[in-house]
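These protein sequence lines are chains A and B, in that order. Heads up: the first sequence begins at 10 in my numbering, then just goes up one per residue. Heads up: the second sequence begins at 266 in my numbering, then just goes up one per residue.
Calculated directly from the structure, the hints in this document are not laboratory data. Where a beta carbon is used, it is the ideal one built from N, C-alpha and C, also for glycine. Every clue listed holds true.
Calculated lysine-lysine pairs in the DSS-like style (CA-CA distance at most 27 Å, straight line):
hint, chain 1, residue 1, chain 2, residue 2
1, B, 432, A, 44
2, A, 201, A, 77
3, B, 432, A, 202
Quick partial rundown of chain B residues pointing at chain A, CB under 8 Å, derived from the structure:
hint, residue
4, 270
5, 272
6, 274
7, 275
8, 301
9, 319
10, 323
11, 331
12, 421
13, 429
14, 432
Spelled out, the chains give:
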Amino acid sequence: MSFINYSSREINCKLVFYGPGLCGKTTNLQYIYKKTNPDSKGKMISLATESERTLFFDFLPLALGNIKGFKVRFHLYTVPGQVFYDASRKLILKGVDGVVFVADSQAERMESNIESMENLRKNLQEQGYNLDQLPFVIQYNKRDLPSAVSVDELNQALNPKGVPFFEAVAPQGPGVFETLKEIAKQVIMQIKKGA
Amino acid sequence: MPDPGLIMYEEEFKQIDAELRRLHQQANAKVTFLVDKNGQLITAVGETENLDTTSLASLTAGNIAATGGMAKLLGEKDFSILFHEGERDNIHISLVGRVILVVIFDQRSSLGLVRLRVKKSVEILSQILQKILQQVDRAKAPSGSGGSGKEQPKSPFSEISEDDIDKLFG
Numbered sequence: 010m011s012f013i014n015y016s017s018r019e020i021n022c023k024l025v026f027y028g029p030g031l032c033g034k035t036t037n038l039q040y041i042y043k044k045t046n047p048d049s050k051g052k053m054i055s056l057a058t059e060s061e062r063t064l065f066f067d068f069l070p071l072a073l074g075n076i077k078g079f080k081v082r083f084h085l086y087t088v089p090g091q092v093f094y095d096a097s098r099k100l101i102l103k104g105v106d107g108v109v110f111v112a113d114s115q116a117e118r119m120e121s122n123i124e125s126m127e128n129l130r131k132n133l134q135e136q137g138y139n140l141d142q143l144p145f146v147i148q149y150n151k152r153d154l155p156s157a158v159s160v161d162e163l164n165q166a167l168n169p170k171g172v173p174f175f176e177a178v179a180p181q182g183p184g185v186f187e188t189l190k191e192i193a194k195q196v197i198m199q200i201k202k203g204a
Numbered sequence: 266m267p268d269p270g271l272i273m274y275e276e277e278f279k280q281i282d283a284e285l286r287r288l289h290q291q292a293n294a295k296v297t298f299l300v301d302k303n304g305q306l307i308t309a310v311g312e313t314e315n316l317d318t319t320s321l322a323s324l325t326a327g328n329i330a331a332t333g334g335m336a337k338l339l340g341e342k343d344f345s346i347l348f349h350e351g352e353r354d355n356i357h358i359s360l361v362g363r364v365i366l367v368v369i370f371d372q373r374s375s376l377g378l379v380r381l382r383v384k385k386s387v388e389i390l391s392q393i394l395q396k397i398l399q400q401v402d403r404a405k406a407p408s409g410s411g412g413s414g415k416e417q418p419k420s421p422f423s424e425i426s427e428d429d430i431d432k433l434f435g
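Make a model of the complete structure from these sequences and hints.
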């Protein structure tokens, strides 16, 4: 849930990157971190295993600028994608303002994508959220890989409601900031609605 | 939808800040700070110059969330106090409703003193937070049902345009 502080004139919002294991959630954050002006970002924290798989979460605070005289801060989190870390995923969804679902475009990962999307919906429901009412964006990552299936096919499997989606190659950057911008926009519009 | 977002106005913010200052002084602490359960720092007092308080806030919330998960597995509601002991610095974490009070201290203080002072502060902070939550409820309630509550300023966010958002991304 957003935190609005009238005293320090700040708005804080929590964005969560969700998706199956190895789909590129951490890579998204790493690219954003790399390309963001040092004045606008805090330290990126990764709670990962020795083999660099996310164990609990990655965290990246971004302060992008001002809106109506309020400093807008986004706190970006990833969840651990591996199936058995479900308890951790639930915890990280607490207080979420917007969700980015990062899908792995490779044909062989289609089933994992679908499973993770169902898991997202279920875990949100347990926290009292409805995915259809939350700011939500889908990113089709790994578009450069030879076994990537068509965007139409991905949309059919993962995006029946037609939420905004972006094609991405997270290590090189295409699609990363487009995704971030869209989810940020939706979250801020949500704050406007609640005002 | 779950809990509404937290909205903090000047008056309550000052009260919270004053209580954290009092605790900081009376517990001989290095730093005292308050974090939303979602990981957002509310305010920090003390030797914060060389401290990454944003990251600390996020990790504190992660810590509380993880131990809360453990508590539920054991059939407990929550573990309301956590204590981490280091060679030089120690961290005392306590739950105050939907926020978390953190005290960092070294050998100039002691766990006993910190626990004692924290107990008192938790009571005071709970009252202030209660007031804030009531205000959020009132703000959400239809006009006329707010009772004797004071008027809050009109939200500046009702005027946000797409242009404002585009500017954030240069």
